[in-house]
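Engineer: Given the sequences, and given the hints that come with them, work out the whole structure.
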Amino acid sequence: MDTLPLPDGGTAAPPPTPDQLRELYSLMAAVRHLDAAAVAWQRQGIIPGYAPELGQEAAQVGSGYAVDTARDFVFPTYREMGVARAMGVDMVAYMSTHKATWHGGLYDPVASRLAPIQAVVAGSVLHAVGWAHGQTLEQNDGVALAYLGDGASSQGDVHEAMNFAAVMKAPVVFFVQNNGWAISVPTERQVAGGSVAARAAGYGIPGLQVDGNDVIAVLDATRRAIAHCRSGRGPVVVEAMTYRRGPHSTSDDPGRYRSLDEERSGAGEDPLGRLRQRLLDDGIADDAFFAAAQAAAAAEEASVREGIEALGPRPGSEMFDLVFQETTPALQNQAASWREESEHV
Amino acid sequence: MDTLPLPDGGTAAPPPTPDQLRELYSLMAAVRHLDAAAVAWQRQGIIPGYAPELGQEAAQVGSGYAVDTARDFVFPTYREMGVARAMGVDMVAYMSTHKATWHGGLYDPVASRLAPIQAVVAGSVLHAVGWAHGQTLEQNDGVALAYLGDGASSQGDVHEAMNFAAVMKAPVVFFVQNNGWAISVPTERQVAGGSVAARAAGYGIPGLQVDGNDVIAVLDATRRAIAHCRSGRGPVVVEAMTYRRGPHSTSDDPGRYRSLDEERSGAGEDPLGRLRQRLLDDGIADDAFFAAAQAAAAAEEASVREGIEALGPRPGSEMFDLVFQETTPALQNQAASWREESEHV
Amino acid sequence: MTGFRQAQSPDAPTPHPEAPGKRTEQLSMQQALNRALDEVLAENPKAVIFGEDCGRLGGVFRITDGLQAKHGEKRVFDTPLAESGILGMSVGLAMAGFHPIPEVQFDGFAYPAVNQIICQIARMNYRSRGTLPMPITLRVPSFGGIRAPEHHGESLEALFAHVPGLKVVSPSNPHEAYHLLKYAATRPDPVIFMEPKSRYWQKGDVDFGAADAPGAGSPAGAPTGAKVMREGRHLTLIAWGAMVSRCLQVAGLAAEDGIDVEVLDLRWIKPIDADALVASVRKTRRAVVVHEAPLTSGLGAEVAQLVTQGCFDTLKAPVERVTGFDVPYPSGDLEDEYIPNIDRILFGIQRVLEYKRG
Amino acid sequence: MTGFRQAQSPDAPTPHPEAPGKRTEQLSMQQALNRALDEVLAENPKAVIFGEDCGRLGGVFRITDGLQAKHGEKRVFDTPLAESGILGMSVGLAMAGFHPIPEVQFDGFAYPAVNQIICQIARMNYRSRGTLPMPITLRVPSFGGIRAPEHHGESLEALFAHVPGLKVVSPSNPHEAYHLLKYAATRPDPVIFMEPKSRYWQKGDVDFGAADAPGAGSPAGAPTGAKVMREGRHLTLIAWGAMVSRCLQVAGLAAEDGIDVEVLDLRWIKPIDADALVASVRKTRRAVVVHEAPLTSGLGAEVAQLVTQGCFDTLKAPVERVTGFDVPYPSGDLEDEYIPNIDRILFGIQRVLEYKRG
Ligand SMILES: Cc1ncc(C[n+]2csc(CCOP(=O)(O)OP(=O)(O)O)c2C)c(N)n1
Ligand SMILES: Cc1ncc(C[n+]2csc(CCOP(=O)(O)OP(=O)(O)O)c2C)c(N)n1
Ligand SMILES: [Mg+2]
Ligand SMILES: [Mg+2]
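Line by line, the protein sequences give chains A, B, C and D. So for the first sequence, the working numbering puts the first residue at 1; every next one is plus one. So for the second sequence, the working numbering puts the first residue at 1; every next one is plus one. So for the third sequence, the working numbering puts the first residue at 1; every next one is plus one. So for the fourth sequence, the working numbering puts the first residue at 1; every next one is plus one.
Any given hint might turn out to be false.
To be verified - Non-contacting residues of chain A with respect to chain C, defined by C-beta distances greater than 12 Å in every case (computed):
no. : residue
1   : 5
2   : 7
3   : 11
4   : 22
5   : 33
6   : 42
7   : 69
8   : 115
9   : 140
10  : 187
11  : 230
12  : 284
13  : 285
14  : 287
Said to hold, decoys possible - Below, computed lysine-lysine pairings styled on DSS-like, alpha-carbon distance capped at 27 Å:
no. : chain 1 : residue 1 : chain 2 : residue 2
15  : C       : 70        : A       : 169
16  : C       : 74        : C       : 46
17  : D       : 316       : B       : 169
18  : B       : 169       : D       : 74
19  : D       : 356       : D       : 316
20  : D       : 283       : C       : 356
Note that these hints are calculated values from the structure, not bench results. Using N, Cα and C, we set each Cβ at its ideal position, and we do this for glycine too.
Structural biologist: Here it is in structure tokens:
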């Protein structure tokens, strides 16, 4: 279950170069910083809420980094800020969803290759299968990456998606972040058998479990999985074992369901500290580099915050105008009376 | 995957006695006869439709025979006539659903331990889990038997059911009749990986594949599975490999999607002929016995047909009276105007 | 599952010219739908048809009969047995630029897909700010009347009509079926296409050249409005799908008693052509709406309220609703007690005509 | 997921006597619901509560707070994350003689369970000819107004009201919440209990002794009818759930202009208390119905049609509907543009009052 041979004998998943390793670190540092900042913004009243991904930086950056945005397409949940960042998505447009500006975010999903933010648990896993089957029908070589959590794995749609994808040999990577929790419910009361990757065998497809706190391992596993899909061999399940170090969201209180001791023992090694140590050990980066990465992260955060603070509400007319490609008389009438009644006031 | 150790070292699944083998044969013969008759009734206009189970007699009778109707509960699909018969359900009341008298059938599910006939594919699999969990909550030792097909295995509800049952260690036997087809779609385009039993491992529960045309093997597997559940070890998946020898239903035309050659090669050995040979070989039954069984089957069919032909429509007032335990004023008003307008006419 | 009339094949596949031209042919609704799908596949290489049994078998109602053989397994294919999967997959195909035309085998089996329909298909265009349109045409054999097993006779129009982001249409005869399906399956928005299964085998003239004939109240050039199927002066009967032909029958019977009934085929359940409703009832001053679905919170309430809103001054009596009861759709033996029959519709007409104020 | 007010705990669990007696207490709706559930568990050993996060966490809204600790893990437990699983499992538990009180975490996540709700829960009593009753009380935190993420602000009452075999109720304040939940959770039929989440934290008097006080129009001894929350002579405002308090506010404002508005809390969405509607509007001769759900095919249409049917002679103007628009529930920034606000309700009242025939 733990390795996946490469279709091309190795070139599809080369080990990351020193430059790439430094880039991965910078990305993870930026994500860590922005994530912590977003929690603070919520406390400061800048945004109404946020779902932090503290502890999942390696799983998110490592997998998002493996995506080829020229041909692949990614289906996130509501917690994939690190994936979006690694893919180069505009962070103000991404974060706008947490400002309650627009469900799904303001970024262009087509241009950025990132589907709108999905609030239904497991809601978009089947979309990935359909998109991927579209690649097969058109003989394109794009791969779909579907993100889901350990909690999401319980949903019927995930089973339907894995079975459909396996029957149709659709090029989908089911990327599971098993972060130990679905709000207050731990994995052992959620995932019977203990592993989502282990389910893959039941569909006759490969399943990989990977240390989700090791960005290099995540990158390698995701690249292998994408290469497998791209070569026409059908879907793969990758399960990155990680830990949700923070609350489920800014309105959650983990103290009600887990102790600090449990958190400490469950969390494992910090993904960022681990990469830092690796880079130091291998002489790939030094303190100056880390300081610069930290400064860049802080600067980036400041500019994203500025963008978010400047973000006004969308015009109410968009409620009506964006429902359909071809609007309807009923909707036009409703828009007209809305306009009239709000102007009146 | 193919055997399940018994919790009590063997007494829970003793080999069938000669008497039991003869009873199994008689049941299968009765079922075979009634099934063929029901298809004929449809052609004769006695009933509007029927879903034959030709070829599945061993899977149905063998599993239904293993049920302890003093404590277990069975959740059928729309094709479980043989299970119902093996459990001793009144066959006129059962068949009434195919007369279009009452959805679900006219038998009493509580007394007969057979849930109403279920027309939603995979619709009742979760019910079995809930019922079984109720046994755990009350420290009863009842076991739920959920019937489903290879096609049904694709539904999300089946995944949710297996995961729930495994997490809660609910005493459920998921009894899959893999009859090769879901209407026109063959198992290989339906069940990725090829085996529903193989999915069990992904939930950390046992899965057994059994020759569904061998009634003794089916009985043994079901007894083992029930014993496993009853001893508090959680759910089991049993997959009986069999073949739908007839059309999906009396309105289906298999000639559009499978050839007679395919049917012949797919069907395997006839379950009834096989048991007959076994009984002959072992000297457990002779031609006189088989002739008597056949005569009994014919007599039974005649009496069921008589019952079905005599079955009048239910009074229309039941439409209103059976919706709730506590009716509502709106419903009473509707019933009153229905009565008035139908009497008027 | 069993017992309903489904296995009939269409008469030997009628050959037809590449461009249908201005011709009229006698077809069953099954044939008309099949023809429309055939043409859509031929005209739009991005159109794909899929669902349970719609490939080799041609669907349990044979609506996709012969299409896989003609257009190939990539264009017309069977899926595993999972409705949420079918609709969820449609979303992804639409995101990849396809025009999916999925089939749900029966009305009652749309329920497992409701989450994907409501939360995804109906909202993706909005959520993505118009960048990911959902040109999905979901075909649902609908309504009762064929003595079928449980869950094979449901009317889901009120549910779908309430969902923002969906359009919903139901044809009442072969001509409408051909034109409405061709129209729906070429739109950039999701359309639920409710086929009255009890009418699949009735034949009628399909005028292929009439695509641009405006229906009453609809803008010229697009079949988007309701349609007056019979003109009358005394009362308007409003229906859609299978109930339209029953209302036409009723109108015929009422005429024998000197009652001149107008029959309006709503066609579009969402958006509803309120102008056509109001135009008709302003003239007749009385209305009865007929549907198979249960009464409470059914589409009849919306229709009645639109009529009342638009014709309050002229209305001679409250709009009557003749509908199914608030009970689960019953088994075949009781079906005729449940579905509005001719007598119940006539009683409804009578109540409206005899209404006396206070 | 994020951003809504949910984490607050109730004030330290209020101890309460075994028999609540004839007392009045100030409670939030969250506390009132929690109290009702606590009592139901104590009184009925067959009652079980389960869902996502309702065990140890006490639910994201803390409605089940402390109940697992008090009644044990067999009575109150977490399930895996699958709504169809939760509702499907409820059916089996009911068949085994339990009274399941499942929770769906938010309105929008009831959609994955719709198949089990409509095809199984609502029909099992009927299908089994009364031998397998479904005493299931499904709690659904409902409606919008809390600036929440997508799918956390939905109004599903029209959908549920249309389903034969379901009963549907929504409380508007802590007193109603306590009594209606205790009533619903002791019935032998399935009840969808729609909790207005924006009202969870508002406090109000709960009169524990008032259980048998008949609401207007309801049969004495059972809280099954609608309720007049404010009497008035000029117009009836009809609402349920969170919109009731807004309508009471509007009535207060209208009174300043000399307009005497009656406010009717529908309470039961199915069955609707048509008698109470008619009694009120026969008196006021004018009505406006208010809801958050989209206009088309919303419950407002049913209410309007029931009023029109029952008050056709006396009605001075067509019933107005002030509702959400036919658009997906928007993000927080646009929420106040979508939910009927005081101004829009006042405009609706004005349209009815100023209505001139022809
Ligand atoms: C269908 C559905 N049910 C319930 C919810 C409420 N909810 C939001 S996140 C969540 C837990 C998800 O857990 P998991 O899939 O492990 O992802 P994680 O939050 O750990 O990233 C729940 C129950 C939802 N958003 N969608
Ligand atoms: C949810 C649902 N979808 C579709 C159908 C229509 N349908 C009835 S039986 C059937 C095939 C079922 O195949 P399988 O589960 O293998 O059982 P079998 O018929 O072979 O016994 C289908 C698609 C249905 N009844 N329910
Ligand atoms: Mg998780
Ligand atoms: Mg099968």
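Engineer: Would the hint linking residue 74 of chain C and residue 46 of chain C be met if the CA-CA limit is 27 Å?
Structural biologist: At roughly 11 Å apart (the allowed maximum being 27 Å), residue 46 of chain C and residue 74 of chain C satisfy the hint.
Engineer: Take a quick look at residue 284 of chain A and tell me if its Cβ sits farther than 12 Å from every Cβ on chain C, holds or violated.
Structural biologist: Given that every Cβ of chain C is farther than 12 Å from that of residue 284 of chain A, nearest at about 39 Å, it holds.
Engineer: Per the stated criterion, does the least C-beta distance between residue 42 of chain A and chain C lie above 12 Å, as a non-interface residue requires?
Structural biologist: Given that every Cβ of chain C is farther than 12 Å from that of residue 42 of chain A, nearest at about 22 Å, it holds.
Engineer: Is residue 69 of chain A truly not at the interface, in the sense that its beta carbon sits beyond 12 Å from all beta carbons of chain C?
Structural biologist: 15 Å, holds
Engineer: Could you check that no beta carbon of chain C comes within 12 Å of the beta carbon of residue 33 of chain A?
Structural biologist: 28 Å, holds
Engineer: Determine whether the non-interface label on residue 115 of chain A survives the test: each CB of chain C must be over 12 Å from its CB.
Structural biologist: 7 Å, violated
Engineer: Beyond 12 Å from every chain C Cβ: check whether that's true for residue 11 of chain A.
Structural biologist: 27 Å, holds
Engineer: Determine whether the non-interface label on residue 230 of chain A survives the test: each CB of chain C must be over 12 Å from its CB.
Structural biologist: Correct as stated: the minimum Cβ-Cβ distance to chain C is 16 Å, above 12 Å.
Engineer: Does residue 316 of chain D lie within 27 Å of residue 356 of chain D when you go C-alpha to C-alpha?
Structural biologist: Since the Cα atoms of residue 356 of chain D and residue 316 of chain D sit roughly 9 Å apart, the hinted pair holds (cutoff 27 Å).
Engineer: May I ask you to check that residue 7 of chain A keeps its beta-carbon over 12 Å from the closest beta-carbon of chain C?
Structural biologist: 23 Å, holds
Engineer: So if I understand the rule, the pair passes when the alpha-carbon distance is 27 Å or less; does residue 70 of chain C with residue 169 of chain A pass?
Structural biologist: 24 Å, holds
Engineer: Residue 22 of chain A: least C-beta distance to chain C exceeds 12 Å?
Structural biologist: Check passes; 34 Å lies beyond 12 Å.
The structure does not agree with the numbered hints 8, 9 and 17 stated previously, though it agrees with the rest.
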